[in-house]
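As they're listed, the protein sequences go chains A and B.
FYI, in the numbering used here the residues of the first sequence are 1 to 157.
FYI, in the numbering used here the residues of the second sequence are 1001 to 1157.
Some hints could be false.
Result set (SDA-like, lysine to any residue): computed pairs, CA atoms no more than 25 angstroms apart in a straight line [to be verified]: (1) A/Lys-128 <-> B/Tyr-1083; (2) B/Lys-1132 <-> A/Val-150; (3) B/Lys-1143 <-> B/Thr-1052; (4) A/Lys-113 <-> B/Ala-1092; (5) B/Lys-1132 <-> A/Gln-114; (6) A/Lys-55 <-> B/Thr-1052; (7) A/Lys-132 <-> B/Leu-1004; (8) A/Lys-132 <-> A/Gly-97; (9) A/Lys-113 <-> B/Thr-1052; (10) B/Lys-1148 <-> B/Met-1001.
Simulated from the structure, these hints should not be mistaken for lab results.
This one's a predicted model, so the numbers in the text were calculated from it and none came from an experiment.
2 protein chains.
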Amino acid sequence: MSMLTNTPYDEITIGQTASYSKTLSEDDVTLFAAVSGDVNPVHLDAEFAATTPFKQRIAHGMWSGAIISAALAVEFPGPGTIYLGQSMSFRAPVFIGDTITIELEVTAKRDDKQFVTLACKAVNQHGKTVVKGSAEVIAPSEKVSIPKPVLPIISIG
Amino acid sequence: MSMLTNTPYDEITIGQTASYSKTLSEDDVTLFAAVSGDVNPVHLDAEFAATTPFKQRIAHGMWSGAIISAALAVEFPGPGTIYLGQSMSFRAPVFIGDTITIELEVTAKRDDKQFVTLACKAVNQHGKTVVKGSAEVIAPSEKVSIPKPVLPIISIG
């Protein structure tokens, strides 16, 4: 069984890094539209998107936000992390088929509250930074390792 | 046919407000887990969630980010808006069945670049602010009204 294991506050050091990757599928764009309500045709309609400066369908900007949050939740610090805040600047578009890697780096710790600040970058397969930002979390107090839930099958159309 | 209509830069005034609401379903939580990869059991497993301080499954924090982005994309300023940046602080959990209303208010305009800054609040059905933040966008230059795409049916399990 696949497990989710965290890094508790005491094991976290300034400068520590972690990464998490995801490839954007066409289905992901449809699902993000459903879950957010953002049905803008620039994301959903190839013919419409061809008339825009990007010439093709682009990901919702906040999809990159979603994978930043996933990187913090499942990768580092992982389960038990409490999300306090996130800033993001959107630098470049993400296209269907792109593989986005979230690069996290610990920039500050505050011992009395177990606050951790992390620089966050979303980088595509060409090395281009598509999103840059910063996250603030409360790191978990204790080491845990929990079974990774398996999602049900999702069908579209 | 339902249409998406925008508010171009010249029609936007400081202090102008707009809102957008969405109710979080159990399916939305599953879809957000799929699209982000955040399969943390605090979102997906009722039995596990019962052992946490929240006592029940909670939404992914970034789901509120997704509906803030949808508010900007489909409601105000709407189609043609370019997303530059977003800050968010997560104040309170969102539970399955909660109706979250995004309240937007224009706080600044910069004419030479058509930049618009908006204060963003996500408020639940009890009036509690769950997320507070600020968005930076380039507002559309021209008025457009485009057909609203209809999503395919999504089935889970």
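Results of checking the hints against the structure:
Between A/Lys-128 and B/Tyr-1083 the alpha-carbon distance is near 18 angstroms, which keeps this suggested pair within the 25 angstroms criterion. The suggested pairing of B/Lys-1132 with A/Val-150 is violated, with an alpha-carbon distance near 32 angstroms, which exceeds 25 angstroms. Between B/Lys-1143 and B/Thr-1052 the CA atoms are separated by roughly 48 angstroms; this puts the pair beyond 25 angstroms, and the hint is violated. Distance hint between A/Lys-113 and B/Ala-1092 is fulfilled; the C-alpha atoms sit about 17 angstroms from each other, no more than 25 angstroms.
For a cut-off of 25 angstroms, the pair hint linking B/Lys-1132 to A/Gln-114 stands: about 22 angstroms separates their Cα positions. With a CA separation close to 46 angstroms, the supplied pair A/Lys-55 and B/Thr-1052 exceeds the 25 angstroms bound. Simply put, A/Lys-132 and B/Leu-1004 have alpha-carbon atoms about 30 angstroms apart, too far for the 25 angstroms limit, and the pair is violated. Simply put, A/Lys-132 and A/Gly-97 have alpha-carbon atoms about 20 angstroms apart, close enough for the 25 angstroms limit, and the pair holds.
A threshold of 25 angstroms between alpha carbons decides the hint, and for A/Lys-113 with B/Thr-1052 the separation of about 19 angstroms falls inside it, so the pair holds. Restraint check for B/Lys-1148 and B/Met-1001: satisfied, since their Cα atoms lie roughly 8 angstroms apart, inside the 25 angstroms limit.
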